[in-house]
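Protein sequences appear in the order of chains V and G.
Sequential numbering from -3 applies to the first sequence in the working numbering.
Sequential numbering from 255 applies to the second sequence in the working numbering.
Read the hints as simulated data drawn from the structure, not as lab findings.
It cannot be assumed that every hint is accurate.
Claimed, not checked - What the simulated footprint calls covered on chain G by chain V, stretch by stretch (three residues with Cβ under 8 Å from a Cβ of chain V suffice, anywhere in the stretch; the number is not a length):
#: 1; stretch: 345 to 354
#: 2; stretch: 401 to 408
#: 3; stretch: 444 to 457
#: 4; stretch: 488 to 499
#: 5; stretch: 517 to 524
#: 6; stretch: 633 to 639
#: 7; stretch: 696 to 708
Model, not experiment: these values are computed from the prediction.
Glycine included, C-beta positions come from ideal geometry on N, C-alpha and C.
Spelled out from the first residue to the last, the chains are:
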Amino acid sequence: MATFKEFRNNVKPNWCPGCGDFSIQAAIQRAAANVGLEPEQLAVISGIGCSGRISGYINAYGFHGIHGRVLPIAQGVKLANRELTVIASGGDGDGFAIGMGHTVHAIRRNLNVTYIVMDNQIYGLTKGQTSPRSAEGFKTKSTPEGSIESTLSPLEIAMSAGATFVAQSFSSDLKQLTSLIEQGIKHEGFSLINVFSPCVTFNKINTYDWFKENIVSLEQFPEYDPSNRVLAMNKIMETNGMLTGLIYQNTTRKSYEDLVTGFKHEGLAKQDMMITPEEFDKLVAEFR
Amino acid sequence: MISQLSWKIGGQQGEGVESTDRIFSTALNRLGYYLYGYRHFSSRIKGGHTNNKIRISTNPIRAISDDLDILVAFDQESIDLNAKELRLGGVVVADAKFNPTIPDGIEARLFAVPITAMAEELGTSLMKNMVASGASWALLGLPLEVFNKAVEEEFGRKGAAIVEKNIEAVKRGAEFVLELAGGPLDEFKLDEADGKQKLFMIGNEAIGLGSIAAGCRLMAAYPITPASEIMEYLIKKLPKFGGTVVQTEDEIAAVTMAIGANYAGVRTMTASAGPGLSLMMEAIGLAGMTETPLVIVNTQRGGPSTGLPTKQEQSDLNAMVYGTHGEIPKIVIAPASIEDCFYDTIESFNLSEQYQVPVILMTDLQLSLGKQSCEPLDYGKIEIKRGKLVSDVPALEGHDLFKRYELTEDGISPRVLPGEKGGLHHVTGVEHDEVGRPSENALNRQSMMDKRLNKLNDMYIRDAIRVDAPHETPDLLTIGMGSTGGTIDEARRLLDEEGVTTNHVTIRQIHPFPTSLLMPYLQKAKKVIVIENNATAQLASQIKMNAGFAEKIKSLLKYDGNPFLPSDVHKACKELSLDGNIQRV
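Could you build the full structure based on these sequences and the hints that come with them?
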């Protein structure tokens, strides 16, 4: 069985020293090993941005797509071969700005894909512009007088879109993050894991210390029931979206793959492509 | 006895025009006639004039006609708009309900049949289609039992009572009109057909069927006119083959989902029209850059922007050939018949895997939606070719990765599917090295660009150009693409009778342009006329750019939303052959 070391490769990430993304990379590698995957059984699909490079830093099948389209690509991979474990990953700009439409619909569709958002509340690779996750008043190169748009709450959006798995974590909490990714992989359906991943270069407000002060861990509430949708929504609102842990999980709703009529468990990619003469005749007969 | 005639049904959208056409033409198909249909419709669901025209013949036909023999009208508007097409001695069968009149200056016989009243007598005005089609059938003097059998098949599922009522509606319509006309009309008596049932389908259905035959098991698409029939067909059929159709949130999701699925090994397509194609442009570049197979069907309609969503046009050529930023290899194939739609779809999937490139299969609205007779489709010709797809590759050592982008002589690299133990590699739209890792190295960049862009050197599809060249040095070479071939052929027959010699080439491989194949025909023709449904002569530009001969190439362009008529082409060719000047249609 593979250990997390087998999910490492020899590529040096181009992230800045101290970037939160390093820990997320490590958490994915650990979680993959912990759930018993081999590298070839994992496909990491990523978007564009600093975080999007992650598919190149994990020893697995990796697909680095185009900006904002990580989820449709990941869903295509899963539909083609449901035997693969598919992790989609990208930044908050990728998933909540340019790709927001796909995020909401991927949540509704509920394919068995784990989506890890590396949320740093800023655009890093383009060197410091505002993101939908930036706080109101947040000054960036594109908002010199401070952002005048409201901050988007991915957790609330996910809940209202009918998510079956919603979690949030902090890149410094490797233990919690690894566990949440494992649970996300095991979840039969779409799992959203939003991870606070501080940008040490361009975001001087939402720093490691700032997160440590402001995060509310669900571990503080031993009675919390993640199967209660109303409670989950309340908790998200009460904490202004700053809570971490498994916030909501619906284990009763079937995944998309299980709801498609006639969809087999063996990957479609492995099935016979040629139709028989009898099948062909039957198809053609309809046009006589 | 005649060998062909044209029939049209007109009315308000949603009042049974479609179903009247369907039942009438299905019955004609039973008798073995060749049929060619044209739908005139608007971008709305209920209301607005709509009409369906079919041409019926004992010989293969691939064009609508200029004129009309029988017009069935559910309202006066249908007569007013369409009576001008009636040939001398033509017939109008109209609903007596609206006291139909024939416009001044048109000589046609009018049979007012209480279509709505008869249908309502039988219980529902929905049966107007049966009364109307029954009346049409009777005027042609065709055997009623064949028609009744078609009715039985159409309504059999709904029970014997419904079948009986519909047959009664047919009978009443038939009897009433025969009484008015004094029996079947001799001048519309068709020669007997060969009795062999043809396939009768629209291009979109042939593409759907072809994709199943090609092993396509997934489709990701967003509804759009005139492409939606492809997804509607496949969602009915794919589950029987283990696959499915995903209706995505937009065309960007559709095409990127298709890229993901193709990467993971399932033949997957998407289909759209101009607006959707525009949204797909960035992703087409991703497929080209990552060498991921991809098949996109683009059913062209009137552009630009929302344009004429339900009308004929061939104006996306430039978008398909040049679209996406940067430079990628890409194949654009233009089927020119229903049979082509089927075989070309299979070939598109094969080429996309053999060359690891995006393939755009382009139709136009008339080819996608015009229902027509189709020769038998040959199971024996179905072949699945997956190119350099490999499996069971040797295990990797240490940090090695599979050379997914290995530099090879033909530029095509071995491809493995995720899940393969020894196949680990990276895929990225960033410029990359042989194992798929990002690289900005100048030498690598140049090698990778050359590798990708040279893959399609000397690539020719089946019948990259289709030639009908009976003359060594013709007066005229006509060139077209897509659905226009049949119309051009009819015009050429007229020209031939008038002593103007013509050769014809249908361009089927739009990109990469088959220059060397076309060259000899351009050289030998005295004059060349390129016939296309757009305003800026996009096909002619491709020819001039690739092959030259700008001085002898003229264009016949039509962009009013309607397909060419044989008379349009005949007139333009005649003018060109006489003085070298032609008017745009």
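Hints versus structure:
no. : hint       : in the structure
1   : 345 to 354 : violated (count 0)
2   : 401 to 408 : violated (count 0)
3   : 444 to 457 : holds (count 5)
4   : 488 to 499 : holds (count 7)
5   : 517 to 524 : holds (count 6)
6   : 633 to 639 : holds (count 3)
7   : 696 to 708 : violated (count 0)
Of the numbered hints listed earlier, those contradicted by the structure are 1, 2 and 7.
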